[in-house]
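**Student:** Here is what each chain is made of, one letter per residue.
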Amino acid sequence: SQQGEEDPQALSIQEGENATMNCSYKTSINNLQWYRQNSGRGLVHLILIRSNEREKHSGRLRVTLDTSKKSSSLLITASRAADTASYFCATDGVQKLVFGQGTRLTINP
Amino acid sequence: DTAVSQTPKYLVTQMGNDKSIKCEQNLGHDTMYWYKQDSKKFLKIMFSYNNKELIINETVPNRFSPKSPDKAHLNLHINSLELGDSAVYFCASSPIPGVLAGGYTFGSGTRLTVV
Numbered sequence: 472s473q474q475g476e477e478d479p480q481a482l483s484i485q486e487g488e489n490a491t492m493n494c495s496y497k498t499s500i501n502n503l504q505w506y507r508q509n510s511g512r513g514l515v516h517l518i519l520i521r522s523n524e525r526e527k528h529s530g531r532l533r534v535t536l537d538t539s540k541k542s543s544s545l546l547i548t549a550s551r552a553a554d555t556a557s558y559f560c561a562t563d564g565v566q567k568l569v570f571g572q573g574t575r576l577t578i579n580p
Numbered sequence: 002d003t004a005v006s007q008t009p010k011y012l013v014t015q016m017g018n019d020k021s022i023k024c025e026q027n028l029g030h031d032t033m034y035w036y037k038q039d040s041k042k043f044l045k046i047m048f049s050y051n052n053k054e055l056i057i058n059e060t061v062p063n064r065f066s067p068k069s070p071d072k073a074h075l076n077l078h079i080n081s082l083e084l085g086d087s088a089v090y091f092c093a094s095s096p097i098p099g100v101l102a103g104g105y106t107f108g109s110g111t112r113l114t115v116v
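Chains A and B, in that order, are what the protein sequence lines are. Each residue of the first sequence is one higher than the last, beginning at 472 in the working numbering. Each residue of the second sequence is one higher than the last, beginning at 2 in the working numbering.
Read the hints as simulated data drawn from the structure, not as lab findings. Keep in mind that a hint or two might mislead.
Straight-line C-alpha distance at most 25 Å; calculated SDA-like pairs for lysine to any residue [to be verified]:
#1 B/K45 / A/E476
#2 A/K540 / A/N489
#3 B/K42 / A/T535
#4 B/K41 / A/T491
#5 B/K42 / A/E476
#6 B/K10 / A/S510
#7 A/K497 / A/A481
#8 B/K45 / B/H78
#9 B/K10 / A/D554
#10 B/K42 / A/E524
#11 B/K42 / A/L546
#12 B/K45 / A/V565
Some, not all, of what chain A presents toward chain B, calculated at C-beta under 10 Å [stated by the list, open to error]:
#13 G511
#14 R512
#15 L517
#16 F559
The beta carbon of each residue, even a glycine, is placed where N, CA and C say it ideally should be.
Just need the whole structure built from these sequences, with the hints factored in.
**Tutor:** So this is what it looks like as structure tokens:
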């Protein structure tokens, strides 16, 4: 079964608004990563947060991790049309990444 | 230069045929992976090779046979294709097995349609 589950499955917002996506996972982890997938393309690594970190920033991205709740969130601030994509969380399995099913984000102009 | 390149990008074939997908990475990574993404966007690992040695085989039907002639190449051969094999197949690479700060580098995918 999938390790991570993203919520919501789809999100549609206006350009300039903030977008928040959540990820829940089942087993303990060493780290959690977020990836972006544009339509018809491969996944692109965005950010990694380790289990001993609570929050991490990268440009307009902010990731939080709550290991007690086994959950993470990805916040994209001041969204742009180019942010339209699917976003996946991934957790560390044994020598592999285990992905959630993704959140489809649509930014409306 | 594309870091991880897959060919072909699209593949349409009839049931029962045999087909191959090729993957090459020019990043100098030791580890390469095949992932399958189904119509619901679930991504599931199929195989992983580290320096030409198979390290992960995730309960994949033996109609699927990966081959790594060297650490820069990981090909996927599929025999007797079935309708359920229709999906997007992604190749990825990483410097070592498992997770690193830089994440995996993915190819752009091969969309396989079996008719």
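**Student:** Now, for every hint given, state plainly whether the structure supports it.
**Tutor:** To see whether the hints hold, each was checked on the structure:
1. B/K45 / A/E476: holds, 13 Å
2. A/K540 / A/N489: holds, 23 Å
3. B/K42 / A/T535: The hint holds at about 24 Å.
4. B/K41 / A/T491: holds, 21 Å
5. B/K42 / A/E476: holds, 12 Å
6. B/K10 / A/S510: With Cα atoms ~14 Å apart, B/K10 and A/S510 stay inside 25 Å; holds.
7. A/K497 / A/A481: The hint holds at about 21 Å.
8. B/K45 / B/H78: Status holds; Cα separation ~17 Å.
9. B/K10 / A/D554: Answer holds: B/K10 to A/D554 is near 24 Å, not above 25 Å.
10. B/K42 / A/E524: violated, 28 Å
11. B/K42 / A/L546: The given pair, whose Cα atoms are some 21 Å apart, holds under the 25 Å limit.
12. B/K45 / A/V565: holds, 14 Å
13. G511: holds, 8 Å
14. R512: holds, 5 Å
15. L517: Holds, because the Cβ-Cβ distance from A/L517 to chain B comes to roughly 8 Å (cut-off 10 Å).
16. F559: Result: holds, 7 Å to nearest chain B Cβ.
Comparing the model with each numbered hint stated earlier shows that hint 10 is the single one that does not hold.
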